[in-house]
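Kindly produce the complete structure, drawing on both the sequences and the hints.
There are 2 protein chains.
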Amino acid sequence: MTDFSIRDNDDHAGGRDPADRPAHPADLAATLNRLPPPQALWDLLAQDPDRQAEIFSRLTALTQAELARLMSPTDLAAIFARMDADDRADLFNLLSGDRQQNMADHLSADQRADLLRLASHREGTAGAIMTSDFAVLEPEMTVREALAELRRAAPDRETIYRSYVLDDAGRLIGSIRLHALILADEDTRIGQIMDPSPVSVSTDTDQEEVARLIAHYDILAIPVTDERGRLAGIVTHDDATDAMQAATTEDFQRISTVMPFTQNMREAGIGVLYSRRVVWLALLIFGNLFSGAGIAYFEEMILAYVSLVFFLPLLIDSSGNAGSQSATLMVRALATGDVALADWRRLILRELAVATALGLTLALVVFPIGAMRGGVEIALTVGLTMLIVVIIGSVVGMSLPFLLSRLRLDPATASGPLVTTISDGVGVLIYFSVATAILQG
Amino acid sequence: MTDFSIRDNDDHAGGRDPADRPAHPADLAATLNRLPPPQALWDLLAQDPDRQAEIFSRLTALTQAELARLMSPTDLAAIFARMDADDRADLFNLLSGDRQQNMADHLSADQRADLLRLASHREGTAGAIMTSDFAVLEPEMTVREALAELRRAAPDRETIYRSYVLDDAGRLIGSIRLHALILADEDTRIGQIMDPSPVSVSTDTDQEEVARLIAHYDILAIPVTDERGRLAGIVTHDDATDAMQAATTEDFQRISTVMPFTQNMREAGIGVLYSRRVVWLALLIFGNLFSGAGIAYFEEMILAYVSLVFFLPLLIDSSGNAGSQSATLMVRALATGDVALADWRRLILRELAVATALGLTLALVVFPIGAMRGGVEIALTVGLTMLIVVIIGSVVGMSLPFLLSRLRLDPATASGPLVTTISDGVGVLIYFSVATAILQG
Numbered sequence: 001m002t003d004f005s006i007r008d009n010d011d012h013a014g015g016r017d018p019a020d021r022p023a024h025p026a027d028l029a030a031t032l033n034r035l036p037p038p039q040a041l042w043d044l045l046a047q048d049p050d051r052q053a054e055i056f057s058r059l060t061a062l063t064q065a066e067l068a069r070l071m072s073p074t075d076l077a078a079i080f081a082r083m084d085a086d087d088r089a090d091l092f093n094l095l096s097g098d099r100q101q102n103m104a105d106h107l108s109a110d111q112r113a114d115l116l117r118l119a120s121h122r123e124g125t126a127g128a129i130m131t132s133d134f135a136v137l138e139p140e141m142t143v144r145e146a147l148a149e150l151r152r153a154a155p156d157r158e159t160i161y162r163s164y165v166l167d168d169a170g171r172l173i174g175s176i177r178l179h180a181l182i183l184a185d186e187d188t189r190i191g192q193i194m195d196p197s198p199v200s201v202s203t204d205t206d207q208e209e210v211a212r213l214i215a216h217y218d219i220l221a222i223p224v225t226d227e228r229g230r231l232a233g234i235v236t237h238d239d240a241t242d243a244m245q246a247a248t249t250e251d252f253q254r255i256s257t258v259m260p261f262t263q264n265m266r267e268a269g270i271g272v273l274y275s276r277r278v279v280w281l282a283l284l285i286f287g288n289l290f291s292g293a294g295i296a297y298f299e300e301m302i303l304a305y306v307s308l309v310f311f312l313p314l315l316i317d318s319s320g321n322a323g324s325q326s327a328t329l330m331v332r333a334l335a336t337g338d339v340a341l342a343d344w345r346r347l348i349l350r351e352l353a354v355a356t357a358l359g360l361t362l363a364l365v366v367f368p369i370g371a372m373r374g375g376v377e378i379a380l381t382v383g384l385t386m387l388i389v390v391i392i393g394s395v396v397g398m399s400l401p402f403l404l405s406r407l408r409l410d411p412a413t414a415s416g417p418l419v420t421t422i423s424d425g426v427g428v429l430i431y432f433s434v435a436t437a438i439l440q441g
Numbered sequence: 001m002t003d004f005s006i007r008d009n010d011d012h013a014g015g016r017d018p019a020d021r022p023a024h025p026a027d028l029a030a031t032l033n034r035l036p037p038p039q040a041l042w043d044l045l046a047q048d049p050d051r052q053a054e055i056f057s058r059l060t061a062l063t064q065a066e067l068a069r070l071m072s073p074t075d076l077a078a079i080f081a082r083m084d085a086d087d088r089a090d091l092f093n094l095l096s097g098d099r100q101q102n103m104a105d106h107l108s109a110d111q112r113a114d115l116l117r118l119a120s121h122r123e124g125t126a127g128a129i130m131t132s133d134f135a136v137l138e139p140e141m142t143v144r145e146a147l148a149e150l151r152r153a154a155p156d157r158e159t160i161y162r163s164y165v166l167d168d169a170g171r172l173i174g175s176i177r178l179h180a181l182i183l184a185d186e187d188t189r190i191g192q193i194m195d196p197s198p199v200s201v202s203t204d205t206d207q208e209e210v211a212r213l214i215a216h217y218d219i220l221a222i223p224v225t226d227e228r229g230r231l232a233g234i235v236t237h238d239d240a241t242d243a244m245q246a247a248t249t250e251d252f253q254r255i256s257t258v259m260p261f262t263q264n265m266r267e268a269g270i271g272v273l274y275s276r277r278v279v280w281l282a283l284l285i286f287g288n289l290f291s292g293a294g295i296a297y298f299e300e301m302i303l304a305y306v307s308l309v310f311f312l313p314l315l316i317d318s319s320g321n322a323g324s325q326s327a328t329l330m331v332r333a334l335a336t337g338d339v340a341l342a343d344w345r346r347l348i349l350r351e352l353a354v355a356t357a358l359g360l361t362l363a364l365v366v367f368p369i370g371a372m373r374g375g376v377e378i379a380l381t382v383g384l385t386m387l388i389v390v391i392i393g394s395v396v397g398m399s400l401p402f403l404l405s406r407l408r409l410d411p412a413t414a415s416g417p418l419v420t421t422i423s424d425g426v427g428v429l430i431y432f433s434v435a436t437a438i439l440q441g
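Chains X and L, in that order, are what the protein sequence lines are. Numbered per full-length UniProt numbering, the first sequence spans residues 1 to 441. Numbered per full-length UniProt numbering, the second sequence spans residues 1 to 441.
Hint data in this document are derived by calculation from the structure and do not stem from the laboratory. A few of these clues could be false.
Cβ pair distances, simulated, as ranges [stated by the list, open to error]:
1) Tyr274(L) to Pro37(X): 31 to 41 angstroms
2) Asp204(L) to Ala23(X): 21 to 31 angstroms
3) Asn102(L) to Glu227(X): 51 to 61 angstroms
4) Ala23(X) to Asn102(L): 42 to 52 angstroms
5) Glu227(X) to Gly337(L): 31 to 41 angstroms
6) Thr142(L) to Gln263(X): 18 to 28 angstroms
7) Glu299(X) to Gly271(L): 39 to 49 angstroms
Idealized CB from N, CA, C, for every residue including glycine.
Written out as structure tokens, the structure is:
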């Protein structure tokens, strides 16, 4: 049998005997990603043309770019023409200007227009991951005509599990599942059994939002309409999941003060990693100068009670740790939609309760240590400071993601290290103020 | 039209006019999650029975448990009987013992056996999220017979986009897409056009692995076989995505030293949050005692050069920050499969290069500050320490997730705070050792 689509594809690859059937395109792509490019190219071109396109679509962007550079224009054009519309547009955006021209020349006028349209959407939007490989029906068609149309068009379509129903102007007016077509009477008109006004997004909807909607409604694909309500493409669940995964990876990067980068972690170069990591590390040094200034201000105090320094890392770390816990929990909850901006007021009360319990517990843990090393007054100073800084750290950590979100910044910028640096500065001041009150009071 | 399945469901809910058509079950569920339980129950029971089951399936576990407690056995049984097999098994596991008995009594013997089988699988495994609502075909059937069978069985099946072909012993020998059935000649036998030996997992395969396979092969569902190769269920892409999301949330919790909990962040109680957060905060205090002990050991040094204390938070924080960057990047890369255990050797060299570049940059940033506050010798001490601790922090941060993974522990346990605490201890020793060498050398 022939392969009709990349999605929900054959999970075998031809041949009857499991032992000698060729590897799945996804597995081959994973292998090629790890080979030196010339070797990978050699192995790729040994496959038949349809499989070449399937495998190529599943390579990482870096491998695609490297192989495209090494490949003859003819070989590349053969693959290019066989790729799914959305994957083709992504590859197009990786190519150099003259290569782009060259590839576009190999396509029909229709395909070229479609390619340029798909490739033109801003990164991170529904438009940038939608595909134009969807099946279209008209409301006046009967179920019989619709099935015949799908049989005719299917080999070109990424999914026919849901077809989209358009009016004369190309506006989306309904959709219908293949499931429903199979079960319906053959003479029924599509307009009568379609789902009217399906959930849709626009070309500039954020990809994370698209993924959230697909998960929320448990659908396989979501239609994308242009500013005039015409169907421009669909985003399939697998591409939405990929986009969600990428957004989550970006959140992981941000909460550890790494500026977002899209390269695969295995492939990222030294320059990329350095430049993405150095900025916040350097910025945080300036933040830390406040803690340093606080310490300098209390120099006399330190000289009089040098054992206070012993507890310094412990106190400021505990505050920072409690703060990163809160910040990270909130960053994630905001990203999944479990928590909304409006929940802040309710959550801050709970956070205060939790933080007080945590602070009291940690104060009890450090009190005996303080007593052993410096006596009861030091123990009191350390314990009381612990309570206060854990509460402050937690509240800052919890609130910062909300504040950033409110300011339309990425809440994940509320990284553990940023929260730690803020609560460090506050912590030093509180520590030595409490010490002044208790020890010199 | 009737709703046949929860997955890829109608994205409308009946009615022709968008203005007066009822809300989508997913939207209603989101609303009910936020209402007080008695009010939510009232609104739920106002819906017709099929919609009740659909809405109920989409509520959070906490809301489901609360409503089940408030509901009469008859109302609950009506919903229970209409739920998808996998959702029903999940609900079953939330109920108290006598409620479980009561609900099981309302089912047919077949349904009861199926329920007990689904509900018995260990959390986190494919068995725990698989459903028994799949369509089965025999290899000798013709395409015509197969389509007739699907029309007959479809209303009960969660997905018919792929059917599974079993031999006489119930062993999985192939699968076929609806797509392929529609396009094939009606007299062809299923055995001739099925995809032989499809990718499958076993009931105890880890859910994250299941989700990775579904994403890797771009399939809608993956079959799950028991120890004898018999088809036990399928995991659909949406349930796999949910499992992946839950695993990612767990990673976010771990990397911020919060022990995993599954409650929705909005709903989690004070007791849960306290108990999940306090353990690591307390443990890390003991870790910090090493830093404290290091400081105590160098007390003389501190009294002689008190300006060294000024730079202490800055140096240990920078080391910890660089370390959390590396740790978090690796935790994520290991979770997505971008990086494998075997890559460690190659990546450690890159990390050394990046960390050296970062350390030199940060050393250059602090050198003038050191010079201003304490003169050239202090500047040299601070700059050299910065270089060393950033390299050590990064290497520890990068290696810890690999080490944990190697020991079959969750790599995400390599949290920023843990890395920070480790590199703090080392950092203090290095700082004062360097200071001793330079200032008293």
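Hint-by-hint comparison with the structure:
At roughly 53 angstroms, the beta carbons of Tyr274(L) and Pro37(X) sit outside the given window of 31 to 41 angstroms. Separated by about 25 angstroms at the C-beta atoms, Asp204(L) and Ala23(X) satisfy the suggested range of 21 to 31 angstroms. Between Asn102(L) and Glu227(X) the CB atoms are about 55 angstroms apart, so this pair conforms to the stated range of 51 to 61 angstroms. A beta carbon spacing of about 51 angstroms between Ala23(X) and Asn102(L) agrees with the range 42 to 52 angstroms that was offered as a hint.
Distance hint check: the CB atoms of Glu227(X) and Gly337(L) are about 39 angstroms apart, consistent with the given range 31 to 41 angstroms. A C-beta distance of roughly 51 angstroms is found between Thr142(L) and Gln263(X), which places it outside the suggested range of 18 to 28 angstroms. Between Glu299(X) and Gly271(L) the Cβ separation comes to about 43 angstroms, which falls inside the hinted range of 39 to 49 angstroms.
Consistency with the previously given hints fails for numbers 1 and 6, ordered from lowest to highest.
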